[in-house]
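Turn these sequences into a full structure, and let the hints guide you.
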Amino acid sequence: MLKYRGAIFDLDGVITDTARYHYEAWKRLSDELGIYFDEKINERLKGIGRLQSLEIILEKSKKQFSMEEKRYFADKKNQYYREMIKSITPKDLLPGIPELIRELKERGIKIAVASASRNAFTVLKNLGISDKFDYIVDASRIKKGKPHPELFLTAAENIGLKPDVCVGIEDSAAGIEAIKRAGMFAIGVGDFEILKKADMVLKDLRDTEKILRLFSINVPGGIHTKKVRDSR
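The sequence shown begins at 34 in this note's numbering and counts up by one.
By construction, these hints were calculated from the structure, which means they are not laboratory data.
There could be a bad hint or two in this list.
[What the hints assert, rightly or not] Think about it this way: if two alpha-carbon atoms lie no more than 25 Å apart in a straight line, the pair counts; the simulated DMTMM-like pairs of lysine to aspartate or glutamate are:
id	residue 1	residue 2
1	K73	D237
2	K236	E92
3	K158	E132
4	K229	E242
5	K138	D240
6	K124	E65
7	K96	E72
8	K236	E102
9	K176	E190
10	K236	E210
11	K177	D50
12	K124	E57
13	K36	D237
14	K93	D125
[To be verified] Pairwise CB distance ranges (calculated):
id	residue 1	residue 2	range
15	D108	E132	35 to 41 Å
16	F98	E226	29 to 35 Å
17	K93	E132	39 to 45 Å
18	N111	E242	36 to 42 Å
19	K236	S94	19 to 25 Å
Fair warning: this is a prediction, and the values are worked out from it, not measured in the lab.
Glycine included, C-beta positions come from ideal geometry on N, C-alpha and C.
Structure follows, in structure tokens:
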């Protein structure tokens, strides 16, 4: 029997790069509020929910805002973001994703998406792959965001698998922590220093063989059980 039988993907930064749209939407809102916002601050927002992100941005403000005002700001940012993602097409899939999804499906591996974005269904539909996943869970279906493991635990439950036979794939430190707290094997995609708590860190997903080894006893090299750093 295979050790791992499910793969749970983050969306932003793993399947497609919507990070630039989030940044532009937050930047527009911050400019309107007269609050300084840059790429460094934006890095802190990766993997967490909209209101959590807003709280980080408002740290730079001398004003105090009510919860009603904060919800208004968060909704306004989302309006900007939703306008931007209308332009997303299948061409915006990140390298390696179409091949990896196909290979996993051919092996009978259950696949799901666990996204902190409430727009996950819209993005996946625009990418033309919403029907490829056995389950999609986003922020609207859970109470606690990353680094809490609820997103990944909900995904595992709905594809009928225990967490310890699932692999989670993330590009943020908060996401990796959520995967580890869920009791899953964690693959980080991106910067090793940021994702070093993952069990395996890859620069991107183009080297599908390294991932497929986790799901197949037929690929030379067998199953990885220790931390791997992509040196490409």
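Hint-by-hint comparison with the structure:
1. Under the criterion of a C-alpha separation no larger than 25 Å, the hint pairing K73 with D237 is consistent with the structure, at around 21 Å.
2. Our distance criterion of 25 Å between C-alpha atoms is broken by K236 and E92, whose separation comes to about 32 Å.
3. Pair hint K158 plus E132 holds up; C-alpha atoms about 18 Å apart against a cutoff of 25 Å.
4. About 21 Å separates the Cα atoms of K229 and E242, which keeps this hinted pair within 25 Å; it holds.
5. A distance of roughly 17 Å separates the Cα atoms of K138 and D240; the hinted pair therefore holds under the 25 Å criterion.
6. For the hint linking K124 to E65, the alpha-carbon distance of about 32 Å lies beyond 25 Å, and the restraint is violated.
7. Only pairs whose Cα atoms come within 25 Å are accepted, and K96 paired with E72 is accepted, the gap being roughly 22 Å.
8. Annotation: proposed proximity of K236 to E102 is violated, straight-line Cα distance about 39 Å (limit 25 Å).
9. In summary, the hint linking K176 to E190 is supported, as the alpha carbons are separated by about 16 Å, within the 25 Å threshold.
10. Distance restraint check for K236 and E210: the Cα-Cα separation of roughly 18 Å lies within the 25 Å cut-off, and the hinted pair is therefore satisfied.
11. For the given pair, K177 sits about 23 Å from D50 by alpha-carbon distance, which is consistent with the 25 Å threshold.
12. A distance of roughly 20 Å separates the Cα atoms of K124 and E57; the hinted pair therefore holds under the 25 Å criterion.
13. For a cut-off of 25 Å, the pair hint linking K36 to D237 stands: about 23 Å separates their Cα positions.
14. Between the alpha carbons of K93 and D125 the distance comes to roughly 33 Å, so the proposed pair goes past 25 Å and is violated.
15. One distance hint, 35 to 41 Å for the beta-carbon pair D108 and E132, holds here, with the actual separation near 37 Å.
16. For F98 paired with E226, a C-beta distance near 34 Å keeps the hint of 29 to 35 Å intact.
17. For the hinted restraint 39 to 45 Å between K93 and E132, the CB-CB distance of approximately 42 Å keeps it satisfied.
18. For N111 and E242, the hinted distance range of 36 to 42 Å is satisfied, since their beta carbons lie about 38 Å from each other.
19. At about 36 Å, the CB distance of K236 to S94 disagrees with the hint of 19 to 25 Å.
Hint compliance for this structure: hints 2, 6, 8, 14, 19 are broken, all remaining hints hold.
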